[in-house]
Every structure is written in C-alpha cells, then in structure tokens.
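Participant: If you read the protein sequences in the order shown, they are chains A and B. Quick note on this note's numbering: the first sequence kicks off at 25 and runs consecutively. Quick note on this note's numbering: the second sequence kicks off at 64 and runs consecutively.
Simulated from the structure, these hints should not be mistaken for laboratory data. Misleading hints may appear alongside valid ones.
Stated by the list, open to error - The calculated SDA-like cross-link candidates involving lysine to any residue, where the alpha carbons are at most 20 Å apart (straight line), are:
#1 B:LYS245 <-> A:THR222
#2 B:LYS286 <-> A:ALA419
#3 B:LYS245 <-> A:PRO477
#4 B:LYS286 <-> A:LEU44
#5 B:LYS245 <-> A:ASN472
#6 A:LYS491 <-> B:ARG92
#7 A:LYS491 <-> B:SER184
#8 A:LYS491 <-> B:GLN89
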Amino acid sequence: MNPTAAQRFLENAALKSADLVHREIIRRGMDSYDAAHLQGRARIKDWEAARARCQEIKREAIDHLDRYLLQFEEQVVARGGQVYWAANAQEASSYVTDLALRLGVRTVVKSKSMVTEEIHLSRALENEGITVWETDLGEFIVQLRNEGPYHIVTPAMHLNRGQIANLFREKLEPGITSDDPADLMAVARRKLREAFFTAEMAISGANFLVADAGVVAISTNEGNGRLCTSVPRIHVVVTGIEKVIPRLEDLAVLWPVLATSGTGQGITTYSTMIAGPRLPGEIDGAEQFYVVLVDNGRSQLLADAEQREVLHCIRCGACLNICPVFRHVGGHTYGTTYPGPIGSVLTPHLNGIREFKHLSFASSLCGACSSVCPVKIDLHHHLLQNRRNATEAGATAWSERLTFRMWRLAMVRPWLYVLGGWWMRRALRMLYRLGLAGTVLDPMRAWNRHRGPVPLPAESFRARWRKDHAAK
Amino acid sequence: MRGKVSLFVPCFVDQLLPEVAVDTVQVLRRVGYAVEFPENQTCCGQPALNTGYWGEARPCAEHFVRVFKNAEVVVCPSGSCVSVIRLFYPELLAHTSWRADAISLAGRTFEFSEFLVKIESVTQVGASFPHTVAYHASCHALRELQLGSEPLQLLHAVAGLKLIPLVRSEECCGFGGTFAAKFAAISGAMGNSKADSVVASGAEFVTAVDPSCLMHLQGILDKRQATARTISLASILASQSLAGGPAPVPAREKP
Numbered sequence: 025m026n027p028t029a030a031q032r033f034l035e036n037a038a039l040k041s042a043d044l045v046h047r048e049i050i051r052r053g054m055d056s057y058d059a060a061h062l063q064g065r066a067r068i069k070d071w072e073a074a075r076a077r078c079q080e081i082k083r084e085a086i087d088h089l090d091r092y093l094l095q096f097e098e099q100v101v102a103r104g105g106q107v108y109w110a111a112n113a114q115e116a117s118s119y120v121t122d123l124a125l126r127l128g129v130r131t132v133v134k135s136k137s138m139v140t141e142e143i144h145l146s147r148a149l150e151n152e153g154i155t156v157w158e159t160d161l162g163e164f165i166v167q168l169r170n171e172g173p174y175h176i177v178t179p180a181m182h183l184n185r186g187q188i189a190n191l192f193r194e195k196l197e198p199g200i201t202s203d204d205p206a207d208l209m210a211v212a213r214r215k216l217r218e219a220f221f222t223a224e225m226a227i228s229g230a231n232f233l234v235a236d237a238g239v240v241a242i243s244t245n246e247g248n249g250r251l252c253t254s255v256p257r258i259h260v261v262v263t264g265i266e267k268v269i270p271r272l273e274d275l276a277v278l279w280p281v282l283a284t285s286g287t288g289q290g291i292t293t294y295s296t297m298i299a300g301p302r303l304p305g306e307i308d309g310a311e312q313f314y315v316v317l318v319d320n321g322r323s324q325l326l327a328d329a330e331q332r333e334v335l336h337c338i339r340c341g342a343c344l345n346i347c348p349v350f351r352h353v354g355g356h357t358y359g360t361t362y363p364g365p366i367g368s369v370l371t372p373h374l375n376g377i378r379e380f381k382h383l384s385f386a387s388s389l390c391g392a393c394s395s396v397c398p399v400k401i402d403l404h405h406h407l408l409q410n411r412r413n414a415t416e417a418g419a420t421a422w423s424e425r426l427t428f429r430m431w432r433l434a435m436v437r438p439w440l441y442v443l444g445g446w447w448m449r450r451a452l453r454m455l456y457r458l459g460l461a462g463t464v465l466d467p468m469r470a471w472n473r474h475r476g477p478v479p480l481p482a483e484s485f486r487a488r489w490r491k492d493h494a495a496k
Numbered sequence: 064m065r066g067k068v069s070l071f072v073p074c075f076v077d078q079l080l081p082e083v084a085v086d087t088v089q090v091l092r093r094v095g096y097a098v099e100f101p102e103n104q105t106c107c108g109q110p111a112l113n114t115g116y117w118g119e120a121r122p123c124a125e126h127f128v129r130v131f132k133n134a135e136v137v138v139c140p141s142g143s144c145v146s147v148i149r150l151f152y153p154e155l156l157a158h159t160s161w162r163a164d165a166i167s168l169a170g171r172t173f174e175f176s177e178f179l180v181k182i183e184s185v186t187q188v189g190a191s192f193p194h195t196v197a198y199h200a201s202c203h204a205l206r207e208l209q210l211g212s213e214p215l216q217l218l219h220a221v222a223g224l225k226l227i228p229l230v231r232s233e234e235c236c237g238f239g240g241t242f243a244a245k246f247a248a249i250s251g252a253m254g255n256s257k258a259d260s261v262v263a264s265g266a267e268f269v270t271a272v273d274p275s276c277l278m279h280l281q282g283i284l285d286k287r288q289a290t291a292r293t294i295s296l297a298s299i300l301a302s303q304s305l306a307g308g309p310a311p312v313p314a315r316e317k318p
C-alpha cells in the first residue's frame, strides 16, 4: 500500500528536521530575509496602516468577487483578449494544452506562477510533446532537478551555489568551473535567451487582476517576465480567481506591501501591467492574449464565512519565512503546492480535509504567521478551525477520541481529576523506576524520544495547599 | 492589603511543576495580596481545544467559568492558558448560557506578570537573584496577550540579576501542547534550536512566562546534558537568595 500524505509528511519531517546542513542553509537565507524585511517595513511610514488598507482592499474584492471578475473580463474582452473560466485543475490545464496544440505551439516559456504548479500544467503540456522552459532562475533550477518549488517566492532556496554549479555542469555546460553567482546566471541566461526567441507561447501568472482597468499586474525581479509577455506571439495568463482587486489605484499600496513582505524590497525590480494583445501601432506585446481564471475549490472557500479571508492571500511568502515549522522541515516536506502556514490552512480546503488534515495539526500555533501577514489573515486560528473541522468530521483516530472523552469526564469532576493526576504521576514514577521509559509501555514515549522525562513530584500543588491551610 | 486575587493553577503546573504555583503565591502575598485557591478548579480546556475537540473543551470551559465566575480577579502563571480564557472562551461558549459570564471573566483574568505590571503597576517585588538570565518570549503571551515589556520590567528590577540577550528570542520553542507528542521530531528540532540559542548566550538560566515552554525546554536541555537550566518567572521573583550564594535548583524530585 502506498503511504498516505500524512505518513510521508511525518517521515520527511523527521528526516529534514534532523538535517543540520539543510537547517543551516535555510537559517542563513531566513536571517538575511529577516533583516531585509525589517528594513523594508521601516521604510513605510505606517506599516500597520498599510496592512489594514491592504486587508480592506482584499476584503472588498473577495466579498464582491462576482462583480469584480465580470468587470475585469469585460475590459479584457473589449480590448481583444479572451477569458476562460476553469472550474477545476483539469479544465484549466486541458484548455491551455488544447490551445497550444490548436495553435501549433512547440515550445512554451513560463514566467513564475504557483497556479500552474497547482494545476500541473507543465506535465500536461510535456505529455503532448511540447517543450516547457521555466524562465525564473529559481524555477529553472528546480525544473532541471525534476523538483517542485521549495518556496512560493524563492523556489531554489534550499540549494547553495556549489550545488547549483554541479547541477549546471551536469545538465547544461560540462565545462563550468566557477560557482560565482554571476557566472552561473550567465549560463542560465544563454540557455534561456534561446528559449525566449524560439517559443511561440508564453505562460505567466498574475499578482493582481485589476477590475476597473482590465489589467494584469505582474511583479518580478529578473526581467524574464517581461521577455515572456513581449516576445512570443501568444501570451496566456493562468491565475486564481481570488487575485482580482477593484481599482488601479489599489496597486499604489498593494505593490510596495507585497514587495516588502516578499523580499524586503520597496518595490520589485519589474512591475508590469498588461491590458490585452498588441494593438495596431504598438511595437511589442503578444498578438494573442488569453486569461485563464482558475476556481479549483476557491468558490467553496468563499462560501465558508469563517475562513473566507484565506482568499485574501497575496502569496508574498512572509508566513513561510517566519514559520519555525517551515524553517525546520523545509518546503518539500509539505508535499503540497503551497507549503508553510498558508499551505497548511489552504490545502485541506483545496485537496480534502481527510487526506491533508495533518498539516493543520503540524503547528505549535505560535501565531508568528498571523503577526506578519500583510493582509492580516488570522492564519493560526484558521489552523485551529481546520483541526476542529477534522475532529467533527470524525477524521481523527478512535484512540484519541476515546482519550479526550475520558479527559472530559475528569475535567468536570475535580475528585476524578485529582485521582487521575495522582495515579498518572505514580504510575509513571513506577514505570521509570523499572527502567521502562521510552518503551511501548510508556505513554510518554514520544515525548521522551527527544527530551528528558517530565518532573513527577510526589505531591501536586493542591495537595500542598491543602496541607498548608489545614495546619493554620 | 492590596486586594484579593483568585489563583488559577494550570493543570500541568498543579501536577508536574507545583513549585511554580507555590512561588506565584509567595510573590503575590509578599506584595500584599490575599490569595485564594478555589479547590474545584481543573483545567482551562486548552489540550482539547487545540487538538480540535471543541465538544470536549466546552464542558471543561463551562466548569472553569462556574468555579471562577464570582472571583474579583483571576491570576494565572501561564500566558497560554490566559489566552484561551480571554480569546477563545467567548467563541467556544457562544451558544451556551455561560457566554455572558465567560466574556466578563475574560476581562478579569490575567497572566501573572501582566497582572503585576500592566494592571497594578508593580515592578519591584523585592526579589534578589544574582545570576545571568536569558528571556524567551513565549508565543501566546507575546502575540495573543501582547505582553512584550511587562516580564522584562519585572526582571530588570530583580537585584543582582543580569539579563543576557537571546538571539531569535521571539521564535517558538516548539512545545505546542499535543503537537509536542504528535510531531515529536519537529517539536524536538525546534526545541534544540532554542536550546542552541540558550547555550550560545552563555546565560545560567532561561526564563519565560509560560512554564509549559520551560518544561519542554528543560527536557531538551536534560537530554543534551547542558548546564543551562530553565526557571519560571515566578520562581525568580520569589527568590531572595544572596549574592555569591549557590544557584537555586528548581525542586525536581528524582523519579
């Protein structure tokens, strides 16, 4: 039998969290992110006000998603673009694949997009014999390794330059001797320039869809996004329906807040706005322009009043960066498109609570994620709500259900609580005296595997209190 | 006499770390409070709540409200338990007859350092602890109760105490309740990262306002046979040891 997602997670989490080389690479990356993020925040006069404004904008957009999406579509169509509404991953990926086949596309260049990961688009295209090039450097690196992105903003965060030099030597140019980042970048650039000028179709994501202007807004740092959207004759934007925002002017706060939260930049190096295909008299841009709006479970989340705000996410990655669980288990361990706190909240909604509930339990509920979220999503409370939903759906182990039922009996009967506590301490003392700590008989064996045993005093506080007060 | 406080002792403190509660009582009395301990109390319900068993947490929360509803002020030496009472009881008991009592109680229940500094403006409790101490900012106190400087103000006023900076002091120690057992490897790795910071700081002690963090961290330090030890904020504030005296070892009986 294949291991379940939960078993794979537990196994990989144990391996990765013991991997000190991995921990060091991530720690170093996160330390420099932390410093840049703090500096970036200090540049914004009132960070809390900016967060509150972004939260308001996203709430307005999500609460009136139907209206803003239709407005966006109308604008795009009026300028000669086409909009396709995909109910699920299958529909989205078939639409793009069929389009590519119909238009005789042999080569596709991709700008970074998490939604295309979510719908497994590259695999679908490759199955039809179409060559797909990831053009974001990090995505390009993980593509060469046949991996998914490790992180939603920095896909190759888990690799150091030595590992990347080896990879390029093996897959691209055997003669590489340097592991200098500039030299490695030049190798990738030579390869990707070729791709940009061969490809008939470009596929990009979107950071925001602006309803009133019918504009797709894309933030990038490497220039690959602009080459994608301006060189090939066909441009397909694949994005989630939750990316829509009401007004062009909203970008004035969303763009800097996204950049600050994502990388600590004031604004990303390239902030691109595309409003449709090339019009007569224009010198660049794609001749054909398509937008694929992907639902894939999002409207179900929209119907959930308690957790609707999860759709406010702008995919900045700040919650991954600050998450102590992410820092220890790494992005791939999650086994999902979206790792980290936002992934642990979202995945049970998109892919099923039974299979992915473990992610909502794999958190100390420290709340660091909620404290940095630029649109103020109460992430750790949503993790808790997912736990409640999993338990109420009967998806947890019978032994655990029984334990909590017994626990409940004792918690409303002080005499039983006192007796139970006394017996538990006594039994554990006896067990440990017999040298049975950590064996199958030890109910604390999971604890004791990584820690020394808990203290087991002969007397509880209340016993001491009663004694002291009886004496007086 | 300053007034009367009702003490809520979290279940794990009652059962496993009784000296934390003893020291809390001692400090409160020293600064002039009459302390009462309602003996019918059990638990705030957090173990069930955080594991998703809200149906089990609810009667436990109702029991808590029943026991404490007539208290003037409830003081508890754990930020995490207070955050459950303050932030979650109103939601958990929303559709029960206990809702109004729960909301009112949420406004009268305080973490120990929060009560002293924020509510009563007491920072000097006459403690003396001539040792180097690092401070770990427990998550729920920091982020749910917004307690940043309050514990530090108390520590600064302790005679002889030297506060040592701890790197990444606001990163979680990895305890997380049932998380510590369900995902023991992740929790252990997070605990070891925290222990790395403690050891690197060179401090003799690490303290926090949540004894649960410290129990977990002490287990990690024991396993690595580190010399640094954990000590609760209440135990530091209760201490009146003289300069040059031996370091107090928290009462941990041998099993």
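Participant: Hint by hint, say whether it matches the structure.
Facilitator: Checked hints:
1. B:LYS245 <-> A:THR222: 51 Å, violated
2. B:LYS286 <-> A:ALA419: 34 Å, violated
3. B:LYS245 <-> A:PRO477: This hinted pair holds, its Cα atoms lying about 17 Å apart.
4. B:LYS286 <-> A:LEU44: The hint holds at about 18 Å.
5. B:LYS245 <-> A:ASN472: Holds, at about 12 Å.
6. A:LYS491 <-> B:ARG92: Holds - the C-alpha atoms of ARG92 of chain B and LYS491 of chain A are around 18 Å apart, at most 20 Å.
7. A:LYS491 <-> B:SER184: 32 Å, violated
8. A:LYS491 <-> B:GLN89: Holds: LYS491 of chain A and GLN89 of chain B sit about 16 Å apart, inside 20 Å.
Hints 1, 2 and 7 from the earlier list are contradicted by this structure; the remaining hints agree with it.
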